[in-house]
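Undergrad: Sequence:
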Amino acid sequence: MLTGVAVPGHAQARPSLNPCEAPAGATALPAGVLPPVTGQKSAIRLVCAADAPADLAALTTADDDVVVTFEVAGANRAHLEEEAAKIRRAQENGQSLGDYIISSVESHKLGVYHPSTAGFGFNGSVRVIDNGLALVIPADQVGTDANWWQKLAAFWVAFAAGVLMASLCLLTFGATVPPAAGPICGAFGGFTKGLTSELMFAYFDNRQFDKDVWTEAFAVALSYAVEGALLGSLLGWVEVYGSTLLTRIADAVRATGGWIGKSFVEALIYVGVGVVAVGVRVARKLKDLLEGVGARDELRKRDLKIMPLGDSITYGIGSSTQSSYRADLWRKLNEETAAETKAKVAAAQRVDFVGSQQSGQLPDRDNEGHSGAMIGQIAQWADDAVPAWRPNLVLVHAGTNDMDRGDAGAAPAALGSLIDEVLKDAPKAAVVVATLVPSKTPAVNARITTFNGRVRDLVAERARAGRHVVLADMSAVTPADLVDSLHPNDNGYRKMADAFYDGLLEVAENGWISDVEKVTCDDTRGRWIARGQIASGTREAKDEFVTFADMDGDKRDDYLKVDMKTGAVQAWLNRDQDGKPGWHPRGQIASGTSPGQDEFIRFADIDGDGRDDYLLVNSDNGSVKAWLNKGGDVDGRPGWEPRGQIASGTPGKGRLVFADVDGDKRADYLRVDIDTGAVHAWLNKGGDAGGAPGWVDRGQIAAGGVLEDGDYVEFADVDDDAKADYLTVNGETGAVKAWLNKGGDADGEPGWQPRGQIASGIEKGEGQERAFADLDGDGRDDYLVYGLKGGRAQAFLNRGGDSGGEPGWKSLGQIVDRLDEEYVTFADIDGDKRDDYLKVDQATGAVQAWLNRGGDADGKPGWHHRGQIASGTSRGEEEYIRFADIDGDGRDDYLVVTNGNGSVKAWLNRGGDADGKPGWEPRGQIASGTPGSGMPVFADVNGDKRDDYLRVDQQTGAVHAWINSGGDQDGKPGWIDRGQIAAGVGHGDLESIELANVDCDARADYLVANVRTKAVRAWLNRGGDQDGKPGWVERGQIASGVDVGEGKLLTFADMDGDGRDDYLVLDFDKGSVQAWINKGGDPA
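For what it's worth, this note's numbering labels the leading residue of the sequence shown as 785, then goes sequentially.
A hint or two may mislead.
[To be verified] List time: in silico EDC-like cross-link candidates among lysine to aspartate or glutamate, alpha-carbon distance up to 16 Å:
hint, residue 1, residue 2
1, Lys1526, Glu1492
2, Lys1521, Glu1492
3, Lys1414, Asp1338
4, Lys1414, Glu1425
5, Lys1449, Asp1504
6, Lys1449, Asp1360
7, Lys1449, Asp1393
8, Lys1414, Asp1336
9, Lys1863, Asp1785
10, Lys1409, Asp1448
11, Lys1521, Asp1495
12, Lys1345, Asp1360
13, Lys1729, Asp1562
14, Lys1469, Asp1448
15, Lys1339, Asp1360
16, Lys1594, Asp1562
17, Lys1414, Asp1393
18, Lys1345, Asp1393
19, Lys1449, Asp1391
20, Lys1212, Asp1336
21, Lys1349, Glu1383
[As the list claims (entries may be wrong)] Label-pair ranges, simulated between beta-carbon atoms:
hint, residue 1, residue 2, range
22, Asp1393, Asp1481, 21 to 27 Å
23, Ile1313, Gln1753, 40 to 46 Å
24, Glu1661, Ser1201, 46 to 52 Å
25, Asp1728, Glu1516, 30 to 36 Å
26, Gly1588, Pro1534, 19 to 25 Å
27, Lys1449, Ser1749, 50 to 56 Å
Rather than coming from a laboratory, the hints here were simulated on the basis of the structure. Where is the CB? At the ideal position from N, CA and C, for every residue including glycine.
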């Protein structure tokens, strides 16, 4: 009897009898050993004569005779009659039917597996029926054990399949059959006999089924069969009619292969459990090599974006290379049997493993395996990862940790939720769910066995509901295949790869491999698509203001941000950077004093130590409280000495100003009449203390009377004599007139020297303020326009002030983009080609991430909050945080860059911190620094996926490049000096140089952006300047700009993953983002 075939109870109780015979007291076999089974075009039936249809019963002589049929719609009856006649002639010559079938099959054996024919023999007859052959075995010839029935199945199915294959092959040639048809079709038919029988016997004998060996045998045997038929007796005919012959043969092969794939296998796999297993493999081989549309071919043709999802087993613990099953599966998915096929696949297919983790030794190390994770934790990772990478195939092996130390009873429901979540996040994906590999711990293994039963149910339930879910059965993995109590060894992982591969084949057979979601890029010049606000921001705007004061006594004023509600102060220390201020985040230097409704905060040097102190001024009565600067708060330690009230206030009206008018390095107390410009001064003698006055009333030191419409009074030292001069500034134009301080008016004598107009003015936008502060430490206050709430600042260094029609100011252009205790930037953290939204704490270096899920749209959030992905690192005053892809893995790494020498330390991105585990690999110093001006910039200028090291001179626009060849390591240089790759194009004070990829060639282009209008001009990267030849193509204006108001930063980042950077406008205060998606930029 055939293994696994469900026969009636009386037959199972008496296996040595003909199953068509009924014992005494038993009923006859009701429906035969096998019911009819039909494929698309074929059928196999095994029936007893007593139960056979009339047409088959007529072929028998007794009720207990056995009839086995193999039918194919459209078979060539003439060819079948010819084959039956051959059998009758052999029998007439004394050969039994069993011997004839054996010899026919064995004459075409491949020799890969040698089946035994011992104990197999019978006689009977072969009859031609409609569309097929019927084998009639008299009752007395039927074997009495299972082995006989296995051999019958193998030999008969192989024999009949070969005959019918040759028959159908002939039909495909049409009405006119060429001389080559007979031998060719005979070769196909004979080959089918040999292959099918050997596959079946190998399985029945419990031999390990090496699919690769059989694939190779198939290819060799088939090629020899065809080659022998063509180049043997038909060589001459081929030379004359070769082209036509070969064309028709190709058509015949395709048609015949199509029949095999769609009909023969559907019938073949029904012959018992053993034959099912063999038949599936036969189907794959035949369809792979003949039909071209089989499961393996489907895998070859389609782009596969596969996410291995699970725990430490997915990651690879226990594997000698930490490659898990992924390395073997990668090889199976990429191996081909012919160079021609390889070339085709290389052009058509891409196998891409995806995930936030990397491990193992294989070409693609990406995976989503999290060591120690329970199913619920894996689900949390999946909720993040699946939408990020949008795989079309997900491989799940989850639950081992739940069985080992978790809630095993709740695990099946958790797995079901995980599967449903994956399908929700990727509705077009197919999910291959694995049963768990065993455990060496008996109690754990018992739980795994129970769990695996539920896994099968979960998969079956979803498959019946039409979900694209299949099972990967890991039962081939045994405890002997484990390296410890839970994790497979290399052999175990190889078996896992086989099981997952079979699952993928089932997905392919079902037609469930969807197209990989792709975002295409083309270089057609088109436009920008306004997406509107894609991020609402991560914070509410604070009630704060910006000012400048010298906090560290280095004679250069620093950038301060003051919270008007709490009085807390954040500081960025002024550090020279190639002749321009560079700002080092000092963090919070004062926790604040919670000013009252009538109080405001100012900074001035009260004690003459060179550091400005913290003052709280009452606007109603003019009283002042002071905290002397002792370095500012640091590491939780206070850095201010409370002096208490240092001024009780003064009579009169007007604006309070603190400025040193007598040159003793201590700021004096001034009241300025806003209407007339008159100034009353109280000279600082240490400030009130112990009830004793600390101010000398100097009286009126300036009579005023010089204000014109729109003017207001400022004090600043513009001539480096240590005494603050009297300035009038026009609020409309920004023009400045100066009266130099010569001691101030006294005894009716003027104490100011008119200097006239020293600045013709600079415009300011909404929310901006003008101010004077010493930025370069030369003793002369410089002229600034800055955002009162933060944001962009422009500076003009004081070179004596305008005089005689000659300018006396040097423009530094923009000196501040945005300074904050936290700032927003964009970088691809998860490697999905879409830049993510990051918030960086300047003081600690900690990083919060919101992963890009398409950006906010239609009121729905488009960012996944990943939480803190980096805890930060201690940094010096001259060190800054940047993000760039150093190792070319698609994920931006964490860099600390030193201002001045440009040295770089790197932490490679390994998924970012999560669950208390570090997700960054320290690489140490990867660049020792370079000469030149400008803060180092990182961008890929040669398209190799690794960001290069650039120095951009913002004055001239010139760019010097060092190409990334891996970064410095072990004392060996990892950068190639490419020299100057751009000479600069000339740009104005309100323009900045940016590097971003605005076309589709993966190389960063050269942009000039206007910081006010946001207009952008582009030069496309064509390799960069070299050997005196230009390497940039002028594209002209690619963006005309947008009117978004002040306090907004223009930046570029790829939001949709199409390879082109998009146009973004970031709101400093809220952190909100507006986007214009790059579709080629403005037409030329």
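Undergrad: Work down the list of hints and note, for each, if the structure agrees.
TA: Quick rundown of the hints versus the structure:
1. Lys1526 with Glu1492: violated (23 Å)
2. Lys1521 with Glu1492: holds (11 Å)
3. Lys1414 with Asp1338: holds (14 Å)
4. Lys1414 with Glu1425: Given that 16 Å is the threshold and the Cα spacing comes to 7 Å, the pair holds.
5. Lys1449 with Asp1504: holds (12 Å)
6. Lys1449 with Asp1360: Status violated; Cα separation ~23 Å.
7. Lys1449 with Asp1393: holds (8 Å)
8. Lys1414 with Asp1336: Judged against 16 Å, a Cα distance of about 9 Å means the pair holds.
9. Lys1863 with Asp1785: holds (14 Å)
10. Lys1409 with Asp1448: Violated, because 21 Å separates the two Cα atoms, which is more than 16 Å.
11. Lys1521 with Asp1495: Roughly 10 Å separates the two Cα atoms, so the pair holds.
12. Lys1345 with Asp1360: Outside the cut-off at roughly 20 Å; violated.
13. Lys1729 with Asp1562: violated (45 Å)
14. Lys1469 with Asp1448: With Cα atoms ~10 Å apart, Lys1469 and Asp1448 stay inside 16 Å; holds.
15. Lys1339 with Asp1360: Measuring from Cα to Cα gives roughly 12 Å; hence the hint holds.
16. Lys1594 with Asp1562: holds (14 Å)
17. Lys1414 with Asp1393: With Cα atoms ~10 Å apart, Lys1414 and Asp1393 stay inside 16 Å; holds.
18. Lys1345 with Asp1393: violated (22 Å)
19. Lys1449 with Asp1391: holds (8 Å)
20. Lys1212 with Asp1336: violated (60 Å)
21. Lys1349 with Glu1383: OK: Lys1349 and Glu1383 at ~10 Å, within 16 Å.
22. Asp1393 with Asp1481: 21 to 27 Å: With a Cβ separation near 24 Å, Asp1393 and Asp1481 satisfy 21 to 27 Å, so the hint holds.
23. Ile1313 with Gln1753: 40 to 46 Å: holds (43 Å)
24. Glu1661 with Ser1201: 46 to 52 Å: holds (50 Å)
25. Asp1728 with Glu1516: 30 to 36 Å: 53 Å Cβ-Cβ, so the 30 to 36 Å window is violated.
26. Gly1588 with Pro1534: 19 to 25 Å: Given about 23 Å between the Cβ atoms, the range holds.
27. Lys1449 with Ser1749: 50 to 56 Å: holds (53 Å)
Hints 1, 6, 10, 12, 13, 18, 20, 25, counting from the list given before, are not met by this structure.
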